[in-house]
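Engineer: Okay, here's what each chain looks like letter by letter:
There are 2 protein chains.
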Amino acid sequence: MKTPDLDLIASVLEGLEETIIYKLLDRAQFRVNRRAYTPGESDFTGEERFSLFDVRLRYQEELDAKFGRFMVPEERPFNTGLPHSARRVHAPENCLRIDEYDSVNLTGEITQAYLDVLPLLCEDGDDFQYGSSTEHDVIAVQAISRRIHFGAMYVAESKYRSNSTAYDRAVVAGDTAELERMLTRPEVEERIYERIVSKVEYLQARINRTVRRVVDPLIVRDMYRNSIIPLTKRGEILYLLSRRSDRPRG
Amino acid sequence: MKTPDLDLIASVLEGLEETIIYKLLDRAQFRVNRRAYTPGESDFTGEERFSLFDVRLRYQEELDAKFGRFMVPEERPFNTGLPHSARRVHAPENCLRIDEYDSVNLTGEITQAYLDVLPLLCEDGDDFQYGSSTEHDVIAVQAISRRIHFGAMYVAESKYRSNSTAYDRAVVAGDTAELERMLTRPEVEERIYERIVSKVEYLQARINRTVRRVVDPLIVRDMYRNSIIPLTKRGEILYLLSRRSDRPRG
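These protein sequence lines map, in sequence, to chains A and B. Heads up: the first sequence begins at 1 in my numbering, then just goes up one per residue. Heads up: the second sequence begins at 251 in my numbering, then just goes up one per residue.
For reference, chain A alone in the conformation it holds in the complex (with noise of 0.2 Å):
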């Protein structure tokens, strides 16, 4: 994205709700399995004092990262030290202000925050699809943390670019609490909140209830209430502090 267009960010991240829905939907059509979470749990050979999930989550990742996946701003690793990407690739022009893309990292809290909502997202206890689970979880939690990126560093570009001088008097001041009053817009969260429950609702309302396990759309809508966006503005506050000034400050 070469300018910050507020419309066309929503936008987007109104696009990626239903790969986050469709993520999560199809993992829980598993159960819990809470053995592919336990370090030490692994049964991977060579990597038996991990969980399975971590395990599958660093293998996936130093994958991605040979074909250059984290050279994309939005794309940020749960893992570090991991392979440089073998490939050329071609970063498109973007309109961000970050030296460092790692500066706006949140995926610890991210994993933490799916991991807690898996015992509501899917019928508690075993059954044994450990592998399948885990390929599941590592394609949401990245679905998960695109959106939560995205949204914290195109959003804050935007914002800041609408009202620089208020937001650089807040940086400077390193007043947190006041970056997180101006990000914050209570009807515009209420809104996706409605519209999270919405499609989660449609999403199931046809679907084989003899096959596919149904899913509350509260659980969707409370994981964005008490995580995505909070995590979103975390990492839009996060970016503002590390943002290059245009000018000197001070």
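Simulated from the structure, these hints should not be mistaken for lab results. Be aware that a few hints might be false.
Stated by the list, open to error - Okay, derived cross-link-like pairs now, BS3-like style, lysine-lysine, Cα gap no bigger than 25 Å in a straight line:
#1 A:199 / A:23
#2 A:233 / A:23
#3 A:199 / B:483
#4 B:449 / B:273
#5 B:483 / A:23
#6 B:483 / B:273
#7 B:483 / B:449
#8 B:273 / A:23
#9 A:2 / A:233
#10 A:199 / A:233
#11 A:199 / B:273
#12 B:252 / B:483
Starting from the known structure of chain A, arrange chain B on it as the hints suggest.
Structural biologist: For chain B alone, kept in the frame of chain A given last:
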């Protein structure tokens, strides 16, 4: 699946339709990007003579193999020479009667059918998003492959059990035309095609067209009609020809 219940098998196949449709709609958000499918153009260090699609699919399958994906009957690999599983996998009991799952492996035909449909699915030209495009491709061909191989194996086993004498006769005679005739139920196929059109329409009915490209439902229906259903039937025949006999033949 411990006993091959045709209604249950049909429900699973129906559930996989949403998955396949979601994946195709996601891929359609990128341009055709022909360069990603051209051998010699991968721009990937050490893998220059392949296409980026081929490299991505092979790397993903090497990872998946380590996590035990191909120990599941319906997950057939597109590549050979893959590593062994590094996990102890809980393979649930199944009702299939073939010794070598890869006797039914139509992945070459699946890749070709998928690549043929891309220019219909996507806007022509290049957006240079080769990494994202091929990431989506791999997820899509794996979903299509799962549907075809699951259908081939379990539908064939179920139909065999309902009329084993007649199937045995055709198998012993090597009469594949007769097997195809016995396996074909045109009215079931027509119902699937109508359902596909209806699902693609429904899933796109409320999307925001300023940010999401809309796909003509007939493209997905024709992919089912020209590839997915015929390949499933070809897989059913392969399954029956490889099936362990329950009794002495002749």
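Engineer: Hints numbered earlier in the text: which of these fail when held up against the supplied structure?
Structural biologist: Checked against the structure, the hints that fail are numbers 3, 5, while the rest are satisfied.
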